[in-house]
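J.: Make the full structure from the sequences, and use the hints.
In order, the protein sequences belong to chains A and B. Per my numbering, the first sequence runs over residues 1 to 153. Per my numbering, the second sequence runs over residues 1 to 111.
One-sided and incomplete, this derived list gives chain A residues near chain B with beta-carbon spacing under 10 Å:
(1) GLU52
(2) THR55
(3) LEU109
(4) GLY116
Computed footprint of chain A on chain B; a stretch qualifies when at least three of its residues, placed anywhere within it, have a C-beta under 8 Å from a C-beta of chain A:
(5) 21-28
(6) 59-71
Footprint (simulated), chain B over chain A, 3 or more residues, beta carbon under 8 Å:
(7) 17-23
(8) 118-130
Hints in this document: simulated from the structure, not taken from any laboratory. All values derive from a computational prediction rather than experimental measurement. Note that the Cβ used here is the ideal one computed from N, Cα and C, for glycine as well.
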Amino acid sequence: MSGADQGPVIELEIPARAEYVGLARLVVSSLATARRALADERIDDLKLAVSEACTNAIEAHAGAERQERVTVRWSEGDDRLLVQIDDRGPGFDPGQLPEHPPVTDPERLNFERGLGIPLIRTLVDEVDFNPSDSGTSVRLTMFCGPADDELSS
Amino acid sequence: MELGLEVTEHDGITVLAVRGEVDVYTAPRLREKLVELVSQGKHNIVVDLEAVDFLDSTGLGVLVGGLKRLRSHDGDLSLVCTQHRILKVFEITGLTKVFTIHESVDAAVAK
Chain A
1 MSGADQGPVI
11 ELEIPARAEY
21 VGLARLVVSS
31 LATARRALAD
41 ERIDDLKLAV
51 SEACTNAIEA
61 HAGAERQERV
71 TVRWSEGDDR
81 LLVQIDDRGP
91 GFDPGQLPEH
101 PPVTDPERLN
111 FERGLGIPLI
121 RTLVDEVDFN
131 PSDSGTSVRL
141 TMFCGPADDE
151 LSS
Chain B
1 MELGLEVTEH
11 DGITVLAVRG
21 EVDVYTAPRL
31 REKLVELVSQ
41 GKHNIVVDLE
51 AVDFLDSTGL
61 GVLVGGLKRL
71 RSHDGDLSLV
81 CTQHRILKVF
91 EITGLTKVFT
101 IHESVDAAVA
111 K
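T.: Below, the structure written as structure tokens:
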């Protein structure tokens, strides 16, 4: 695969508690802003995707009553930014998500959850979910195109 | 991280102005406030999101839950939002078709 890791790798380890999701968002959006590699709107997209992935990670830990930490790992390829969120929950299969009724169906109001994964899929350029017995790894990729350079300058 | 919640009344319509970031940490406070308002008999609520800096799916879920609760009382929950970055979250999830979204509190309470 092109775009192998290069540049600094930064890891943030947070307790699996809700109050730390904001910190993960802040760190990733600050790094993305400092790198000037993405347009502001795409930084917002990445920030939201990180928030969703960390929320899922923390909820996975809560469900399993596990106290381990969640790791947020930032790395850069020559044409991309990568953010990997690793939890140590019971593993999660994105293929097993229940389908929501269409938004125009009154039954839709019975679904308060389950919006995070569709949001992540829309917001980032690539997302890989790798569940295993030891936890779930979610890798978010944003490609840095010429359009981003223009928009950031 | 603080979540600001301010309630004002406008001729029978309750406006809940939200300030700050709505995520998994703060959304329970928004949910509690909505439940409290409904239990006080406030069945027409406008949630003003203009001072919200960030909103994720947890916040969306609370608003969907609030709308469901109010509809069961023949009421409504509408929103005030003009910020592109917040509107985008509603657009991606299709929830712009579920909520009435106003451009200002004045417009929301003028019906």
